[in-house]
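Work out the full structure: start from the sequences and follow the hints.
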Amino acid sequence: MSDKHEDIDEPVDDAAFDALVAQLPDALRDPAVWAEPPPWLADSIVAAIADERAEAAPAVAAPAIPAAPAKGRRQRRPRQTWWLAAAAAVIAIVAAVGIIATRNSGGGGEEFAMAGTDLASGASATGHFDDTDSGLEIVLDISGLPPAPDGFFYEAWMRTANDDAPDLTAVGTFHMRGGDSTVTLWSAVDVDTHPIITVTLQEEGAGPESSGQVVLRGSLVGESSG
Amino acid sequence: MDDRELARRFPSGDEQVVRAVYERYGRAVHTIAVSVLHDQSAAADVVQATFLNAWRAASRFTPDRDLGPWLYSIARRQAIDAYRKTRRIEVTDTESMDIVELPPSLERTWEAWEVRVALDKLPADEREIVRLGWFDGLSHPEVAERLGIPVGTVKSRMHRAHRRLATLLAHVAPENRSSASDVVGGDGQSGTGDESE
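Residue numbers (this note's numbering), protein chains in the order written: chain A, 1 to 226; chain B, 1001 to 1197.
Worth flagging that the hints you see were computed from the coordinates, not collected in a lab.
Among the hints, erroneous ones may be present.
Distance windows between CB atoms, simulated [claimed, not checked]:
#	chain 1	residue 1	chain 2	residue 2	range
1	B	1005	A	188	42 to 52 Å
2	B	1001	A	15	34 to 44 Å
3	A	126	B	1107	25 to 35 Å
Backbone N, C-alpha and C define an ideal beta-carbon position, used for all residues, glycine too.
This is the structure in structure tokens:
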């Protein structure tokens, strides 16, 4: 590789390269270095990520940049079909959540559970709350909820049970970027008037109101009317 | 789109951004997978798992870090996990695993990564010349015959490619580099047999 170069204008000096090769004697002859990935792999990766975006947390990714249809060997399901399925799922989940919550009168705080909605179907949470001198302390142990993407965060709410015109009180924000975690929330409203607890995905700078994009929902008392 | 912009936008999962990251680093990730597994099919699975896991963790990635070393560390760990599964190794000591059981070493895979990234930055005609000359072991006249171009053109392209590679890989030279474990953010031991230190 150090033959004289006869027809170039640059100085014929491969010394730096030769020195480098001498230090990396096998690298340029390593079959792994020259191995080419299969041509379908890029499409497959794009499709896998698009699938996970759509199925695990569509509301997390969708506000930023909608995914284009994948062209790989794995085809995403048609979007319309997905939303129909999601609509059915959310009805089932909301109905199921009503019977998940349990009330523990054993003195260690009231326990409850939360279920992921169709926006975060893999998510769930258990929790307990205590009425302290400072207010209602709510501790959530959340699992399966993806990290909020840049520009977004999660916000927990306590709300009244009437779905038509509920009164919502924010009880804390978090982002889940450290993985599954325990979140401590504080509330000044009473569980008897605001028995429903929800977690929404919020966009930074979008104002203090709930986005309505509920990812977790549960009841702090024995049953939910929402 | 530079690396930082790619890193900033990667968490969105946007198709164009994912494809751009793959175009820049997918072959190098594949190189790491093949280096560890020596199995093209298993390597493809590792590449896909690497990108999927990277995307899942992307929101925790700080864009002011380099995207390449971060992907490298994920790829290597993913490949080693696959290696362990395929070899059915009983893992009792994770740290010593990299040193004692797993060829190639961290240093070797990092070199392979860097060389592949550098090769991918060459113009296609220069990369092909380097492949034929170094990997296939062809002489300049043989390369010229294979490509149907003059020998002088082969030599000039090879020379340009060497100069580019020398520049792109200067930091890989032992006297210029920090340890691979530093480069990739503490991904275990070096794996070069210095476990007695």
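Inset, instruction - Indicate whether the distance between the beta carbons of residue 1005 of chain B and residue 188 of chain A respects the range 42 to 52 Å. - result: Hint holds: Cβ distance 43 Å, inside 42 to 52 Å.
Legend entry - Hint check for residue 15 of chain A and residue 1001 of chain B - Cβ pair distance inside 34 to 44 Å: holds, 35 Å
Legend entry - 25 to 35 Å as the expected CB spacing between residue 1107 of chain B and residue 126 of chain A, which holds or is violated: Violated - the Cβ-Cβ distance for residue 126 of chain A and residue 1107 of chain B, about 46 Å, lies outside 25 to 35 Å.
When each numbered hint is compared with the structure, a violation occurs for hint 3 only.
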